[in-house]
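Enquirer: Sequential numbering of the sequence shown, starting at 1, is according to the UniProt record's numbering.
Source of the hints: derived by calculation from the structure; they are not laboratory data. Among the clues, some could well be false.
[Said to hold, decoys possible] Straight-line C-alpha distance at most 30 Å; calculated BS3-like pairs for lysine-lysine:
| no. | residue 1 | residue 2 |
| --- | --- | --- |
| 1 | Lys157 | Lys45 |
| 2 | Lys93 | Lys45 |
| 3 | Lys157 | Lys93 |
Because the structure is a prediction, the values reported are computed rather than measured.
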Amino acid sequence: MSVMSAGQGGGAATRVSIVGLGPIALSTAAYLVDQGRQPLLWSPKERWHAPGIRGYAASFEGRITGPRQFPLAGQAADLAAWAETIVICLPGKWHKQAMDALAPHLTPRHRVIISSHCSFGAQYLRRSLASAGVEIPIIAWSTTLATCNPLGDRHFKVMTLRRVIDVATTPRRLSDEGLAVSIALFGPRFQPRDGVMAIAVSNVNPQNHLAICLCNLTRMEQGEVWNFNLNITETVSRLIDALDAERIGLASDLGVAVRTVREHWHYTHDVPVLPIHEATRAIEARGISFFGQRTHMTPWVLEDAPYGLAPLVALGEMAGRDMPLHRAGLALLSALYGRDFAAENDLLAEVRLSAPDLTTLRALSE
1 MSVMSAGQGG
11 GAATRVSIVG
21 LGPIALSTAA
31 YLVDQGRQPL
41 LWSPKERWHA
51 PGIRGYAASF
61 EGRITGPRQF
71 PLAGQAADLA
81 AWAETIVICL
91 PGKWHKQAMD
101 ALAPHLTPRH
111 RVIISSHCSF
121 GAQYLRRSLA
131 SAGVEIPIIA
141 WSTTLATCNP
151 LGDRHFKVMT
161 LRRVIDVATT
171 PRRLSDEGLA
181 VSIALFGPRF
191 QPRDGVMAIA
201 VSNVNPQNHL
211 AICLCNLTRM
221 EQGEVWNFNL
231 NITETVSRLI
241 DALDAERIGL
251 ASDLGVAVRT
261 VREHWHYTHD
271 VPVLPIHEAT
281 RAIEARGISF
291 FGQRTHMTPW
301 VLEDAPYGLA
311 PLVALGEMAG
321 RDMPLHRAGL
331 ALLSALYGRD
341 FAAENDLLAE
351 VRLSAPDLTT
361 LRALSE
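Go ahead and model the full structure; you've got the sequences and the hints to work with.
Expert: This is the structure:
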């Protein structure tokens, strides 16, 4: 399918569904509305399944402005029946449930985008579909289209629309279609990477959030109002770089190329390639301030520890590369919160049953 054909005309080729009703899903949906499309939304969360709920109204400021009204599907089957392209925009803890709900209704006419990909979800969905004899492009993004924070009841601030997103598709032979679909719907911001194994080590948010949250945890726990930019100090920046070196080393062992964390900030925030504490001060100098998390019960820990850090540690074990800072960070967060974050990842447990070693995981990725 060409970019031109996906971007023009009516019918199924222009229909997009979004799985999710959080800030990322809603900002992604709002972007599509601005491009002349009307996405249908569905969430696996039961509170959205009550009779009579048919739409969701939200308003935006920042990079996207104004009110939006989104239609809601009652169930996954309705979502799949309506659209050709389905974008999963959910926290990692909901990915398996959403994929399990969607899988029986996916046919060769569908494409699934995972925004952003985590914890070998593309491999899990591919294996699930293969058992039913279905093969479709499963398109893995390294990060989300937007950064978006809630400001109040159904009111959101879209802080950035990313200029560059890494993308890969499984099966690999459908990579051209996966790239074309992404560009047709979301613009020429996509950089193809060498397979979904590259995407598995491309997301820098878990390592960044580990460093930031560990070093500012009591601020978060006590509900303080604190400046995000200025509290990424030189020491925090040094920890981010050290974590990044582990991730880059793992990517090298896997034979894939990924961007550095400094390059990620450059493309996300339009700053020079700098140490992160210098990049945040360049952002602050423009008058753009971000508040840090005001609770320790934040997705930056509850989401990123099990679904971001744990898969990297597991992948390192498969590849024979120790990830001491990632492993220690995961253990520290588990101790601080009194939880076993690695054990909370239901996707990782399922994937490791069918792909217990790197060779098998690579085969699921091709």
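Enquirer: Give a verdict on every hint.
Expert: The hints, checked one at a time:
{"no.": "1", "hint": "Lys157 with Lys45", "verdict": "holds (23 Å)"}
{"no.": "2", "hint": "Lys93 with Lys45", "verdict": "holds (11 Å)"}
{"no.": "3", "hint": "Lys157 with Lys93", "verdict": "holds (24 Å)"}
Checked against the numbered hints given earlier, the structure satisfies every one of them.
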